[in-house]
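These protein sequences, in sequence, are chains A and B.
Everything in the first sequence is counted per my numbering, starting at 66 for the first residue and increasing by one.
Everything in the second sequence is counted per my numbering, starting at 66 for the first residue and increasing by one.
These aren't lab readings, by the way, just hints derived from the structure by calculation.
All residues carry an ideal CB built from backbone N, CA and C; glycine is no exception.
Each hint should be verified, as a subset may be incorrect.
Stated by the list, open to error - Stretches of chain A that chain B covers, calculated by requiring three or more beta carbons in the stretch to come under 8 Å of a beta carbon on chain B:
1) 114-125
2) 147-156
Claimed, not checked - Residues of chain A clear of chain B, computed beta-carbon distances all greater than 10 Å:
3) His73
4) Trp74
5) Val83
6) Glu106
7) Arg135
8) Arg192
9) Asn199
10) Pro216
11) Trp217
12) Ala221
13) Gly239
2 protein chains.
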Amino acid sequence: MQRPPLKHWRACGAALVVRLPDDGDTRERAICTVCQTVHYENPINVVGTVPWWGETGDQVLLCKRNIEPRWGKWTLPAGFMELGETTAQGAARETDEEAGASIEMQELFSLINVVRVGQVHLFYRARLLSTHFNPGHETIEARLFTEDTIPWDEIAFRTVRETLERYFDDRRRGHWGVHTVDIV
Amino acid sequence: MQRPPLKHWRACGAALVVRLPDDGDTRERAICTVCQTVHYENPINVVGTVPWWGETGDQVLLCKRNIEPRWGKWTLPAGFMELGETTAQGAARETDEEAGASIEMQELFSLINVVRVGQVHLFYRARLLSTHFNPGHETIEARLFTEDTIPWDEIAFRTVRETLERYFDDRRRGHWGVHTVDIV
Numbered sequence: 066m067q068r069p070p071l072k073h074w075r076a077c078g079a080a081l082v083v084r085l086p087d088d089g090d091t092r093e094r095a096i097c098t099v100c101q102t103v104h105y106e107n108p109i110n111v112v113g114t115v116p117w118w119g120e121t122g123d124q125v126l127l128c129k130r131n132i133e134p135r136w137g138k139w140t141l142p143a144g145f146m147e148l149g150e151t152t153a154q155g156a157a158r159e160t161d162e163e164a165g166a167s168i169e170m171q172e173l174f175s176l177i178n179v180v181r182v183g184q185v186h187l188f189y190r191a192r193l194l195s196t197h198f199n200p201g202h203e204t205i206e207a208r209l210f211t212e213d214t215i216p217w218d219e220i221a222f223r224t225v226r227e228t229l230e231r232y233f234d235d236r237r238r239g240h241w242g243v244h245t246v247d248i249v
Numbered sequence: 066m067q068r069p070p071l072k073h074w075r076a077c078g079a080a081l082v083v084r085l086p087d088d089g090d091t092r093e094r095a096i097c098t099v100c101q102t103v104h105y106e107n108p109i110n111v112v113g114t115v116p117w118w119g120e121t122g123d124q125v126l127l128c129k130r131n132i133e134p135r136w137g138k139w140t141l142p143a144g145f146m147e148l149g150e151t152t153a154q155g156a157a158r159e160t161d162e163e164a165g166a167s168i169e170m171q172e173l174f175s176l177i178n179v180v181r182v183g184q185v186h187l188f189y190r191a192r193l194l195s196t197h198f199n200p201g202h203e204t205i206e207a208r209l210f211t212e213d214t215i216p217w218d219e220i221a222f223r224t225v226r227e228t229l230e231r232y233f234d235d236r237r238r239g240h241w242g243v244h245t246v247d248i249v
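Just chain A, with the same shape it has in the complex:
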């Protein structure tokens, strides 16, 4: 994700200048040239689920993207966390919006830092309550895959691949962990 250009202060519209603040901060910030307020930019959370089906969880739900970037590639349902919701509520909302899937939310499964773009991706395991999906406009098709049938070369994002690999690893081991991964 490219962040929009940062040239004007959100409160008054005056020009920003990049310099060290006067409060002992050791990092250069964008600072308002009129009111001297410091603008902080922080990483953004992306929240989603690994929706699974089958007594042993051998199938997972993937969505074929109908939007850029990575149009036509396959992803787990996920999107930007919004104000006013928890990480799990955001993950459930995205699962509804992108897959129209009915789920029971489970535990946090992966936390993946994507440092270069300033994002933290959080995936929860989610038990599918039905195989009837009703994807929204962002999705061409929502479908169940086993590990063998997943289109591994057509996965939209590395965070999704890393999460899916760990899902099937943990399933084989018979133990669900919480996985932290750093992509620099």
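We have chain A already, so just place chain B on it with the hints.
For chain B alone, coordinates are given in the frame of chain A:
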């Protein structure tokens, strides 16, 4: 944390108006009246550690705050995650800045949604390598406490108290989990 007023678009400085975007979004956003670009506001991550000492981890390091809010109250080292770092790197940086403590970073321990203020707090367990602390200007004093000596009524933030309680619970159980907590 109060977010600064949002009145002008960061790229061009023109006025923003709050309305539904034209792209099918179901949530009102601040949109530039000139270039129509949508401004998104998202939750911010706060990252920190539970620095522990003693063969059985019976002591934890707390910092007495030298800054508002909650001046003079006790906290675990934590602060806003920055661009260009992972969650664990941010937690280590804050531990260095606020406590000047030498640590070995361990596993993610708690993820706490603070919905009302749009924050997600992430604490990692961290083994202290020394009891020599060198706190920065944000801290009056950095000290080790056992569960019995922690000033429970003088803890700065609920996220810190929730994390400390789970730390000592898990220690008693002899098993370290990853705890997700929602504060609405």
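Going through the hints against the structure:
With a threshold of 8 Å between beta carbons, the proposed coverage of the region 114-125 of chain A by chain B is violated, since 0 of its residues qualify and at least three are required. Evaluation of the coverage hint for the region 147-156 of chain A: fulfilled, as 7 residues show C-beta separations to chain B shorter than 8 Å, against a requirement of three. Against the 10 Å criterion, A/His73 falls within the reach of chain B, whose nearest CB is about 3 Å from its own CB. Once the 10 Å rule is applied to beta carbons, A/Trp74 is inconsistent with being away from chain B; the minimum gap is 7 Å.
Here A/Val83 stays apart from chain B, with its beta-carbon at least about 13 Å from theirs, past the 10 Å limit. Residue-level check failed: A/Glu106 sits 6 Å from the nearest beta carbon of chain B, not beyond 10 Å. Distance to chain B confirms A/Arg135 as a non-interface residue, since its nearest Cβ pair spans about 18 Å, more than 10 Å. At roughly 17 Å from the closest C-beta of chain B, the C-beta of A/Arg192 stays outside 10 Å, upholding its exclusion from the interface.
Every CB of chain B is more than 10 Å from the CB of A/Asn199 (nearest about 16 Å), matching its label as outside the interface. The claim that A/Pro216 is not at the interface with chain B holds, since no C-beta of that chain comes within 10 Å of its own (minimum 27 Å). Even its closest Cβ contact with chain B, about 26 Å, leaves A/Trp217 beyond 10 Å, as expected for a residue assigned away from the interface. Against chain B, the non-interface label of A/Ala221 holds: every CB pair exceeds 10 Å, the least being about 19 Å.
Here A/Gly239 stays apart from chain B, with its beta-carbon at least about 18 Å from theirs, past the 10 Å limit.
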